[in-house]
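To convert, note that position 255 of the sequence shown is 267 in this note's numbering; the numbers rise steadily by one, no gaps.
Honestly, the hints are just simulated from the structure, not real lab data. Just so you know, even glycine gets a beta-carbon here, dropped at the ideal spot from N, CA and C. Check before you lean on any hint, since a few could be wrong.
[Said to hold, decoys possible] DEER-style ranges, computed between Cβ atoms: (1) ALA230 - ARG160: 27 to 35 Å; (2) LYS157 - GLY90: 16 to 24 Å; (3) LYS121 - ARG160: 27 to 35 Å.
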Amino acid sequence: MATTDLKSYDGGHVYVLDVNPRLEDDSDFDISSVHDQKNRIVEKLFRKHFDYEIHNVTFPPRSKPEAVLKYFEDELDGKDKNELIIIYFHGGGGENGEDYCWRFSHTPKREIDAYELIQTIIAQRVDCLLLLDCYIPDRFHDKWKPSRGNVEIIATGQAAQHSDGKLYGNDPGNFTTCLVSMLDTFVNHIDTEYKGHHAPKSIPNLLAMKPMRTKMSANPRRIWINKTKKTKKGNATVVERLVILPDKIRETGKVQFFSKQIQGPGTPGLLEEVEGGDGESHEDEGVGGMVEEGKNGDNGLFMTPEPEADDDLLK
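Work out the full structure: start from the sequences and follow the hints.
In structure tokens, the structure reads:
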């Protein structure tokens with residue numbers, strides 16, 4: 013791949029939202045809730061395998077929902093555009109368009125205007141990855157305004173449920189557990205079971221690989237809000253997605269995200285994709301157009317026997 017296809021970042025910031033205040037004050041605090049467990053393993057993953065700055069985001073009691081928007085307005089204002097922003101959220105999600113909202117487990121107690129929060133992020137000149145363990149609509153009734161940077165959202169797919177329609181209380185194939193386990197396993201076995209992998213990989217690429225492809229309840233949802241650029245090929249646009257480079261992990265021992273350019277016919281604005289589960293070629297369905305990428309990963313190359321997911325981060 014030509015080096016012009018890849019953009020590196022000088023560093024990054026990871027924001028873990030809705031952290032239990034007691035976890036910050038008491039390291040011996042017993043983590044009993046699923047929400048707090050997920051926040052903790054995400055934090056541990058980034059501390060172990062990334063050289064990004066970690067921010068555990070918590071708000072005082074009786075904070076209003078507007079405090080979340082104000083926090084990110086202040087936090088992202090003036091941020092270096094060569095740094096990647098990563099935001100992780102686990103919680104409730106609902107509604108559509110301008111009514112799209114989140115519900116925190118701790119504070120604020122009232123619903124967060126997630127639509128406006130994402131619009132606040134889009135308005136900044138930053139590249140941002142949102143990892144959302146919550147519902148996000150398949151099609152937004154109201155589109156976000158064009159981004160001034162590159163914003164990519166990867167969210168959970170359909171939740172597992174019983175035959176009576178009730179959701180599993182704690183699905184072992186949930187988005188966060190599989191994401192953490194697969195990234196940790198891939199890095200730990202980069203020179204053994206995964207030694208044949210060299211091509212760039214997105215997070216959905218990784219989650220489509222064994223052993224996670226058989227553990228996840230549904231494919232993750234991916235949405236781009238891109239600052240698209242016209243090319244010399246008429247109506248072609250450049251769309252960027254975030255990937256990791258296996259050879260870079262081998263070289264440095266750490267994971268870094270790179271922005272990879274994808275070029276093809278399409279329209280500027282919101283692009284939405286459902287990742288296929290085969291880890292092979294696929295098409296990205298866009299609003300008003302298609303963006304086509306070539307082969308994913310290493311054409312399905314996989315060492316046998318397939319490794320079991322490491323569980324040290326999940327304890």
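* Of the hints given before, which are not true for this structure? -> none
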